[in-house]
Every structure is written in structure tokens, then in C-alpha cells.
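J.: For the protein sequence lines, the chains are X and R, in the order given.
Mapping of the first sequence onto this note's numbering: residues -10 to 408, in sequence order.
Mapping of the second sequence onto this note's numbering: residues 42 to 456, in sequence order.
These aren't lab readings, by the way, just hints derived from the structure by calculation.
Please note: incorrect hints may appear among the correct ones.
[As the list claims (entries may be wrong)] Which bits of chain R does chain X cover? Going by a derived footprint, with three or more residues having C-beta under 8 angstroms, they are:
#1 79 to 86
#2 95 to 109
#3 145 to 159
#4 184 to 197
#5 307 to 313
#6 323 to 334
#7 386 to 400
On a predicted model such as this, the values are computed, not experimentally measured, just so you know.
By construction, the Cβ of each residue, glycine as well, lies at the ideal position given by its N, Cα and C atoms.
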Amino acid sequence: MLNRTIEPALKEIDHINFVAPTKHSVSGRVDLYHMKEVPNETSRFELYFDAGKAKGIDSIAGFVNGLLLSGTPDKNSIEINSQINTLGGFLESGISVENATISMYCLKENLIPILDIVLDAIQNVSFIEKEVNEFLADRKVGHNVSLEKVGFLAQREFQERLFASNDVYSKALKLSDFETITIDKLKAFHSENYLNGLEKVVIVGDLDAAEINSIIESTKPFVNSKELSFATDLSHESGSFTVPKEGALQCAVRIGRILFNKNHEDYLDFLILNTIFGDYFGSRLMSNIREDKGYTYGIGTMVAELNHTGYFMIATEVGKDVLEPTLKEIKFELNRLQTELVGEDELQLVRNYMLGQLLKSADGPYAMTDLFLSVEVHGKDLEFYNLALSKIQNITAERIQELANKYLNWEDMSVVTAG
Amino acid sequence: MIKFERFQLENGLRVLFHKDETTPMAVVNTLYDVGARDESEDKTGFAHLFEHLMFGGSVNIPEFDTPLQMAGGENNAFTSNDITNYYDVLPVNNIETALWLESDRMLSLAFTPKSLEVQRSVVIEEFKQRYLNQPYGDVWLQLRPLAYKEHPYKWATIGKEIEPIENATMEDVKAFFTKHYNPSNAILCIAGDLELENVKELVEKWYGSIPAGTKYERNLPKEPVQTELRELTIERNVPSNAFYYAFKMPDRLHADFFTIDLLSDALGRDKSSRLYVTLKKEQQLVADISAYIMGSLDEGLLVISGKLNEGVTFEQFDSALWALMDDLTSTKLSDSELDRIMVKFRTAKEFQDQGLLNRAMNLCNYELLGDPDGINSESEKYHQITTDDILRCAKNTLTKSNCSILNVKADKNAK
Chain X
-10 MLNRTIEPAL KEIDHINFVA PTKHSVSGRV DLYHMKEVPN ETSRFELYFD
40 AGKAKGIDSI AGFVNGLLLS GTPDKNSIEI NSQINTLGGF LESGISVENA
90 TISMYCLKEN LIPILDIVLD AIQNVSFIEK EVNEFLADRK VGHNVSLEKV
140 GFLAQREFQE RLFASNDVYS KALKLSDFET ITIDKLKAFH SENYLNGLEK
190 VVIVGDLDAA EINSIIESTK PFVNSKELSF ATDLSHESGS FTVPKEGALQ
240 CAVRIGRILF NKNHEDYLDF LILNTIFGDY FGSRLMSNIR EDKGYTYGIG
290 TMVAELNHTG YFMIATEVGK DVLEPTLKEI KFELNRLQTE LVGEDELQLV
340 RNYMLGQLLK SADGPYAMTD LFLSVEVHGK DLEFYNLALS KIQNITAERI
390 QELANKYLNW EDMSVVTAG
Chain R
42 MIKFERFQLE NGLRVLFHKD ETTPMAVVNT LYDVGARDES EDKTGFAHLF
92 EHLMFGGSVN IPEFDTPLQM AGGENNAFTS NDITNYYDVL PVNNIETALW
142 LESDRMLSLA FTPKSLEVQR SVVIEEFKQR YLNQPYGDVW LQLRPLAYKE
192 HPYKWATIGK EIEPIENATM EDVKAFFTKH YNPSNAILCI AGDLELENVK
242 ELVEKWYGSI PAGTKYERNL PKEPVQTELR ELTIERNVPS NAFYYAFKMP
292 DRLHADFFTI DLLSDALGRD KSSRLYVTLK KEQQLVADIS AYIMGSLDEG
342 LLVISGKLNE GVTFEQFDSA LWALMDDLTS TKLSDSELDR IMVKFRTAKE
392 FQDQGLLNRA MNLCNYELLG DPDGINSESE KYHQITTDDI LRCAKNTLTK
442 SNCSILNVKA DKNAK
């Protein structure tokens, strides 16, 4: 008779196969990374530009990024999109505080033709007035929808408090930005940060050496020759901040502080603390605030990185009537991590979970490339993940408690609620 | 080509095995043939509430998540109007842990009052977060009962309203489990670098002794044929006027299902589609617009939705849209237009197929439809579709008498 109360024996993960993409120089410090081992017809290219939000004021970086394919003297936006769609390309553009990206997913046979279309569009974009006005009007519609969401309002306020020491990093899109923008400003930003702003090229797909060389040649004219300059000493504004939103049924909560990135000696151990606290389904916060109290559909924590620093954040949306009890429970869980040692069962659970997730993050060419890029940006190589493996295997309850006391004090946090 | 093996246990459980030697991870996907369409009208939202309760411990195992995380895995689930799907992704070496957990909750749940109380409030918060506390969040709560008069697609998976979730009792929960959660109503797919013999042995070990249960016979009210245009305008405190045009389309197994999928691509998949180019770029009537099909198993919907530009009236947009429809229902797409749509289709399909979880879910979906090999003939069926087929389907589908329109009027003083 099968005894269902006895769980099957577990096998430990002691080794993960990390594969780096090959590196090719484009020009100067700018490199192309190529992950060739793709067992199917899919491919992706990504262009990284030193054109993040912090490169300009009044939201100009986001506007230029959104207008990159809006038309050239030879082709309008409909024609550009039609050419890309005829080749089956799926475009994604993204912008963060410190960089801007253009990504394209397509079949490998179409990668180079699509890349040529995109590069031509970026090089010759002429910021046609009609296109610019349409784009701004659409963004405004989207922005007005966002303003109705408590999550957006809390996030925006949080960013302002988090990056309080730096005017450029802290500023979010505001309605007046739609009025003050001009075509001349767009052109100047584009010329400064795109025509002379390419930082990195990433190719995933089974392309041959000749194809990679042709990509190197065609991206070379965009290479950034300027010095990179990112904020080094950001500091946040601790305290409590509320954003009123009439009629909201829920409150959004964002709590956090400036922290560090992979270059800090405490980073990896802190990541384990972060997991225990709020970064998996069985975390302290989920167990208490969702699974025990039912206050929320979800609550989580994260560690985000910037070029020279990073930050920690707790995020949730809770019923209006349970906002105070939720904050009380978050404080309670912080305090518990600082005063009580994590039990060995829980520590083992988190060790195993994190190792399984690391194995998954290295599974497949796309995931593996992204895993590589997240260390490359901090000047590290894949050895970092072997270090991570050993840190996870050797973490102690004392170390977790030490880090909780060092970095997770409620008084140090920016606490934002919107609702 | 996605290779698979299929076998069935004596208790009726259908099992698919898909071998992939290239990954260290494995997927255990379990599809239960029950969705919101199987709820009674006075207890809507129940299939989804029940999905939450499936994580509250089973008869022999107090907690579902912890042992799976201990095995390095993670899991999630979703409920649709048609099905409830649970999946576990974990290192392949620990596959047995997932089978142990999944089989125990197929056998029986712990049914603790605490779990019901907590998940009830979690689901109510989910209701608020996703449907009530978002601009345009309640659109589907309004559009479904407009488009469907009899068929249970008239309510959303979250439920018609919060009350039935608040009032759910433990007896309701147990009855639902007995009716729908047993091997004869389930499909299991295991994917990863494993051997068939080993998979058979493990599945037999953990699932073989679960009682078959009674196969649930679905007998849903049939939706009467729609004969006239339906229109509803609601006023909400939202920033822009929004529109939703829902056209009835045939069920998933109908020969025209894929053709209408391509028709929706032609209408509104991307920035080269008819709606975008004509109504947005040329006529500047809308801020955004797109078209898609719901993909439901019974008679479904092709939906066109978007937001109006400031200063444009619903009437202006409506006549422009029907003019565009006239064109689509009288003239074939050009060959180059169909080529463009097909390259996009092929690309998307290639990306979908590379994910192990996607393959496992899709195999279960095709088994539910009656033939798991459908996963491999699907592309060929799409490629055989001609511009004549699309024209015929456009004529049948894109008519006023087949359409339900929901307009959301922006009003600062509305709720």
C-alpha cells in the first residue's frame, strides 16, 4: 500500500551549466554578444543605447524612444511597420532610467533584413510633425489611464522619494511635458544619444560568422564614443508619504530604500534574505499577509539594480480597510527577521528553491543570455553564478539576521501609500 | 514537430508524455475539464475560487507549495471559462515530488475552514484589484451578458459579483470537488528529459489507485442565434471614451475557427492591420485599436476594442468602422496581405513552441479537443487558408446582426 504521507526523496542541485555568448568587438568599448546555440528558427536582436531617462529632462528620452520608427524622409511610419511586419518581426522598445533598448523577435532568416530596416529608421528619423503630435496624443491618453491606477500613483511617488537626491533620476512624466516638448529638442536628443549612443548589441540565434560580421559593420556607425556617466551616490528620503485617490477601493503600497548592486559584497546574501522576506510564494510576507490574513491578492519584494547602485522595494495592493493592519504586519515581519533566527527548515527550503530557480534561469538560450547580461553590465562574468551557488548553499541564519539588521530598518524606508 | 506518447490509466486519467532532452527542467501540467461555464448561475466565480482552494493542502499533505519549493520548483494555475489548468515547473531530477503533490490533491483535499476563509478574502481582493479598481476593469462584466443571453459565457470567470464568493460554504466546495476533480475529468502532461517507461511507472504509482469518479456530462444551455444588433452605453469615471465590438464566431472545433483567427489578425493584430492603418493613421479617429478572438471552446467572440481620440464621437467612429467592414466583406484580402499575416503567424508559433510549459499545456488542450496530434497539424491547417475563405468568414461574421457593442463613456461624475 502506497504511503502518501511520505514524500519522494529529493536530489540536490550541485552544478549548473552556464553558457556565455561569444563576444565580438564592434568598436571601442562597444561589443556584440552572440548566443548561437538555438535549436530552432527563432532569433532576437537587441540594441542598447545610452539614452535612458536620466539623459534628459521633461520626459524627452521616453518620447524619442517611442518615436524611433515614426518615419524618415523616404518612408512614413506605416511603410516602416509594413516592411517589418511583412518579415514577421515583433518589436519591443524599452526605456529605464539608465538605458534605452530596441528589441526584435523574428525568424533567423529575417533578422538581418529587419535589422537593416530598423537601423535605417533610427538613423534617418525625421520627427515629422504629424507623427509627433499623434504620438504625444496617444501617450497622453495612456498616461491619463495610468493616473487612475493606484499602483501607478504609488510607484511614481516612490520613485521620487527613492531618488530624492537626484533631480533627473527622480522626475516622472508629467502632463506639462506634453506641452513643452518641441521637434528641435527631439532632434537634438536623438542626434546626441542615438546617432552616437549605441552601447551594446545582443544577438540570439543560429547565425553564421559572416552574418555576425555584417551586423557589426552595420551597427558600427552608431557606436557611443562619449564617456558613460551614471549617478553614483543616490540617497532616498525616508518617511511616510501618501497620495490621495478619491473613490479607490484598494490602496497601493510601495516601501523601500536605496541599496546596492552585484558589485557589493553583501549582494548575494541579501538576495537570499530578500527571497525569505518576500520573493517567492512561500515568503514571510505572502504567508502572513495573503495566506494567513487574506488582505491582498499578492505582495512581493525585489532588489533592482542600477549601474552604480540599486534599491530594495516591497510592493502590494490591499483593501482600503486593511491598509493599517498590512503595514503593521510588514513591520512585524521585518522585526522578526531582525530579532529571531530563521529556522533550519525554512533556510533549507529557500536554498533549494533558489537553486531550482537559478537552474531555470540558465535554461535555454534566451534565459541564459539574459542571465549573462545581468552580470556583464556590472563588469562580471559567469563565475558570479558559481559564487551564487556556493553562497546559497552556505548561507546561515546568523548572516540573514545580520543583514536584516543592517539593511531592513523600518525607520530607514520610504513608505508610500496611494488610495 | 512535437513528439509525444499517450496512455490512459484504468481510472480514466489521460496521460501525455513529451520528451525534451535539452532541458534540465520538467513540467507537470494538469488540465481539469471544468471552467466557469460549468457553474450554476447562482454560484458564479466558483471554479476560480476552487482553483485557489487547491493550494490549501490535500488529504495527506498539509501544504502544496512548500514541498514543491523544497524540490526547487514553482507552480501556478489559471481558470478560464472553459478549463482549469495547474502547472509545476521543477528540476527534472525531482519530478516525482510534483507527481506526489498533484496526485494527492486529485485524490482529495484537506478542506480546512481556514483555507476557505482566507482564499475567499484573497479572491475578493483579486476581484477588486483586477475588475473594480481599474479604469475599464468592469468592461467584461458588462459585455459578456450583452453578447450571451443563455450560454454561461455570460459571466466572467471571476464571477458576476462578489456575493456568491462571500457566501460559498464548505458543502459547496466539497460538492464541486466530487463533481469535477477526478481522473476521468483530468488530463496530465509530463514534459522533460525522461524515459517513457519511467514516466508510466511513476504515473501508475501515484495516480493508479485514485478512484475514477463519475465522468461529468456537460449539458450547457445553447446560445440562441443572435438576430439583431445589441448596444449598451455605460458611463464611467475614465479618461477616454472606449468601445468594444463583439462578434459571435463558431466554436473551437468548427472548420472556420482558424480562418476567423486570421481574419482578426488582418483586422487588428499589429500596426499594419486594417483597423490601425485606416481608423488610426489615416482617419485619426482612435488613440488605440486592436482585434482578437477569445479562443473559447464553445461559440466564441471576435472582439474589436480601443479608445476614441478626444473630440471624436461614438457615432463618427461607428460609421467609419462599418465602412471598413463593408470593404472587408466585399473584397478579398490581397495575397501579399495574407502572406504578411502568415509570416507573423509562423514566427509567433515558432516562439510559442520553444517553451516547454507551452508545449505541455498545448498538448493537454488538444487532448481535450479529442486529438493531441492536432498540435502538429495546426500549422498546416492555417497554411491552407485562402483569401476566399477569409472573405466568406468576414461576410458571415462581421455583420451588425451578429454584433454586440459596448461603449464606455467618460464622465467625471460617474462612479
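J.: Hints the structure violates: just list their numbers, smallest first.
T.: 1 and 4
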